Every structure is written in structure tokens, then in C-alpha cells.
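*Asks:* Line by line, the protein sequences give chains H and S. What the first sequence shows, in our numbering, is residues 1 to 74, in sequence order. What the second sequence shows, in our numbering, is residues 1001 to 1266, in sequence order.
Heads up, none of these hints are tricks.
Taking lysine-lysine pairs in the DSSO-like style, the calculated list, with each CA pair at most 30 Å apart, reads:
(1) 1264/S x 66/H
(2) 7/H x 1253/S
(3) 1186/S x 27/H
(4) 1253/S x 1264/S
(5) 1044/S x 1093/S
(6) 54/H x 25/H
Residues from chain S that face chain H, not an exhaustive set, calculated with beta carbons under 8 Å:
(7) 1246
(8) 1252
(9) 1262
Chain H is nowhere near these chain S residues, computed Cβ spacing over 10 Å in every case:
(10) 1057
(11) 1081
(12) 1098
(13) 1109
(14) 1152
Rather than coming from a laboratory, the hints here were simulated on the basis of the structure. Computed from a predicted model, the values in this text were never measured in an experiment. Idealized CB from N, CA, C, for every residue including glycine.
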Amino acid sequence: MKESWTKLFIIGPLPYLGRPIGICKNKDIFFVKEDEELAKCDLSTHTIQEVGIKRMFSRSQIASYKESLISIAE
Amino acid sequence: MYRKRVISDIFYDYDTYLLLKKTRLNFEIHSFLYLFSGERFDDKVGLEWPPPFQGDDRDVKILGSGINGILCLYVDGFNSEVVVWNPAIEEFKVIPPSSVVSVPPHVGIVDQLHGFGYDCIRDDYKIVRCVDFHTNLLEMIITLPKVLYDPLWEIYSLKSNSWRKLDLDMTTFYRSPVCHLEQVYKNGVCHWLGRSETDTDNVYLVSFDFGNEAFFLTSIPLTMDDNINFDLVGTHLMMLNESIALISNVMQKHLLFTYQFLVKSV
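Looking at chain S on its own, in the form it has when it is part of the complex (with noise of 0.2 Å):
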């Protein structure tokens, strides 16, 4: 109770910042979430997980940004949990395992979140991830016919509480030693960076739009300013503003580096 108030007195019509801050204690890794206002990052409010995350915050995740002060938690993983929570009223839901897929024992699943967004024609907040499978090798060869395994993709909706399959053939994360997987979410649309399997000459930034529930890619420029490999460069996603920035670290001489700022307006 006290929590709550604090938040609502401090916060109220300020700017305010949320922190993920992941930190070494005693030899263990543990996630702290922090609520800042002020000029100087002088008000600081610790907030406490949900339930779900209390016993073990190593490493709790924040799918994308807060939308209407309502969260997406989760931890990744085999099976990862995905919590949906709202702090300011200490209100969480655990999201339900998929509905769609049913599998042998013998055949693991492994989800990607991609995103957390809000359909603002349904008043639903939704999910949506592609979910991957992953067996033995053995019994890969032997036993299962693969084409039964072809990822796929499904959304999750609150209202429903419940997951349904999405017949989309969409990009799934860019994947490369520099670059994170960042989503970034804006008026129900949200971005990620993607590289088709079989296109792996270019990225695109994949954008989904949670209304209709359909895709688009804006491709992106691969080399750079000084013919710069895209897979050489940090790579971030961002808002700035009302734009999708793209920020590309890139090493100068004598360990000098330069942040380019590519912006594209939603």
C-alpha cells in the first residue's frame, strides 16, 4: 500500500523513467527495477517484481516499453514465463502457455517474443511471438518428418487470455554478435530489425501492426557512410521522438568511434 502511494504522489505528472538495472550480489545476478523523476535522476523508487519473478530475477526482461503504464516481464527461455503487469495498481497476469502447439514429449519449444502491443480498435493488448521447436538430432532424422516443424508464429490477447496462430511468414530477429534484439512500439505498430534466411543479403526492419494483424519491411541501407559490414557495427532500435531511430556504432581510427543516427518517421 505504501508502494502505491509513494508512486502515485512522486509521479504524477512528471516525466518519468523506468530502469532495468541487472547487477552482480554476491556472486549472483539479480534484476532491479527503479522509477526515476527530476532533472537529475534525484527521485528514485525501487519497485518490487510481481510475484511470479520474486523467487528468482536474474534475469527478467521488459518486452519493449510500457504501454499505458502496463507492462510485459518475462524471462527467456524453454517455456519462458511472460507476466503482464501493471505496477501502479499492483495488477499482473501470468501469460498462459500456447493453446496452439501440442508436441511429443521428446520435442522442446522455444518462443521469441517479438513484441508487446495495444489494438486500440479492439481495446486488447497483445502478444506476439514466433515459437520454434527443437528435438534430438536422432530423432529428428529418424522419426520426424521436419516439415512438421517449421516455426511459427502466434499472438496473444488479453481480452481472450489466449493464443492463437498467426498465418504469417514474417522475418524473425536479426541476429548477429553486435546487435541486441530490441523491438520498439509506437501507436499499435511494433519494429523489430529482421534478415530472412533466405535473403541474408539484406535487413529489414520488420513492422507489425497490431490491429490488422499484418506486417510490413522498410529495408535498410547496408553499407554506410564508409562502406561499413552491417555485421562489423553495434546496431541499435529507438524512439526519438516521433521517429525510429537506428543508431550504428561504428569503430573510427585509434579507438575513436562514431554514433550515426538514421531516423525514419511512423
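With the rest of the complex left out, here is chain H (with noise of 0.2 Å):
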């Protein structure tokens, strides 16, 4: 059993973001608000801002992608 873990930051208090959806290029946390839009958190500023994504569902998901040619095919 291995326990390591490290506390990284804090972001807040602040009021409620909504949903943490995904993380992408290291420095941005993705929420969906209470509103349905989609909002991002800069990780080393701390700043919030709007992305222009409206009408989400909480239940959505971000990933950063790398697109390839590799065939899933027998």
C-alpha cells in the first residue's frame, strides 16, 4: 500500500464553479457551470473565463487529443 500524496494548491474561496470536467494543456481546468456554459480556470493565475460553449450538460467531458493513423482493424 503506498501513500503519496502531495498538496499541489487551493484555488478559493470563491463561489461555486460547477463541475471540474477535464484538465487540458496542463494549465486549464474546464467546469460547466449552473448556467450550462463552459468555463475555464487558469491553474497558475487563478483567472476564470468563459469559453462561448453554451447549453452543456454536467455529465460532459474534455481531453486534450493527438490524432493517429493506427488502424483498429484485424
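Using the hints, put the two chains back together into the complex; each one sits in its own frame.
*Replies:* Here you go:
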């Protein structure tokens, strides 16, 4: 059994941001706000910015992605 | 064809993000998938779902994240549908049902996908899941020896295109109203939050290695700064730099919240 957590930082206290759905570029954490708009919080400056994407459900996902030409056929 | 060309031209060598958005249109829920690039999310390309999900896209989910450009999509529920997909070359594969599990017709199977990963030793993509059984209560009491229906773990290999039983006693997803079913993946290992049924006081990070098909546990501090009850904290698992981040959303006074980041290198 390993136990090796380190406290990195705390954001806040601030009003409820909504549910975090993913981290991109290792610097932005994305939230779906209660008004269903997508927002991001810069983890180094802690500034919050709306992304301009509306009508989101909280069960959305966001991830970094790199395309490839790898075949999955037999 | 047009879509393939657009993806390659715009996104090659750029930081891109995949956004799975769910929204309500005409009183129905639909799922949409977008590829974004650019600092301000200004380049956006919508992706069509692969054919198995084109008729019904209400609740398509991505298991973990893309690995080498390959995504594992699924729709939850009884006999859940699972598809492995490479959108750039428009190839997909419908994952077959389990060959390990055979049950009488009155017994249903509920499978919980726990991870999608890459085994670099065998150059193979794999999916790990827990299979649970349900039946009506009367039949369970009268006819079925319960021991036959313990949950079991199995693993799918893309190379062999089949499932096989895993002889492991792993901890399944931790379930609480504020803890969503999240898993992260890095370097051949997938991770999820689990709590054992017999040891309910402790919550663990369960890490499953797709190469040696073994798992290990990392305990998670239950009480954080202010003696916070884990059940009342929104907890999320994400990758941050090369570390696993455990993000706890805690309500402070006057409707103000803090987000605490604990990290563990992998």
C-alpha cells in the first residue's frame, strides 16, 4: 500500500464554479457552470474565463487529444 | 472524406482537445463530439459518431481518454454497447459480448467498464470491466445459489477480439452522490477511485496495469484540512502534468467553495 499524495494548491474560496470536467494543456481546468456554459480556470493565475460554449450538461467530458493513423481492424 | 481531410489539415501538430457535449434538443438529449484547437477555442470541427451510435446518441460516453488517437465509446446499461474507434481514419470495431459469462435467461448482466488502456508489451488495446448479476428477488432466494453470481472481472483484448476472466479481487468504483465515475489513464495503467464493501472506512486509488494485468492500491486521505467528510466532498480524478490529481470541491462559509488539488506522481 502506497501513500504518496502531495498538496499542490488550493483555488478559492470563490463562488461555486460548477463541476470540473477535465484539464487541458496542463494549465486550464474546465467547468460546466450552473447556467450550462463552459468556463475554464487558469491553474497558474486562477483567473476564470468563459469559453463561449453554451448549453452544456454537467456530464460532459473534455480531454487533450492527438489524432493518429493507427488501424484497429484485424 | 471531407471530414478526414479537415481533421488532418487543421489538427496536425497542434494542441487539440476533444469535447463531448451533452445537450437537450427538442426535448431529447443528444451527445455531440467536437475537436477544438486554438488558444480561444476558435477552430471547431464536429465529429460524426461511428455508425453504431448514429441512431441513438443520447448517452454516449468516452471511457478514459484517447490513447494513440483511439477512443473507447460506450453506452451504459444492461448489455452495454462498446465501440473502439479511430475517428481520423473512420475505423471502428464493435466489442463483442462476453464469452466468459453465461447465465440462465432470467439472470441479467450489468457490466461496469473501468478502464481502456494500451499494453505496450503485446502492442494490444484492452478494456477492463466488472460484471455484476441481477435477478428478481424471488428467484434469487428460491432457486439460485448465490455464490455462483459473485461479481467477476474480465478483460478484453483487441488483438484476440475476445474477453477473458481476470482472477483478481479488485475494488470497483466508489459510489457516492458527489463522486462521479471517473477514471484516468497514463503509461499503460488506468486509475479509479474505489471503496471496498468490507472496508468501507477507506477510499483507495485503484491502479490497474494493462501490461502485467495486476493492480495496486494507494490510500487516499479521508479527512482533509478541516475534518471534511469524504462523502460530502465533490471529488474528481484528472491528469495534471504527469501526475494524478485528486480535486476536492469543498463548501466553505457563505456559499464559497475551495478546490483542493492533491497530486501523486505516476
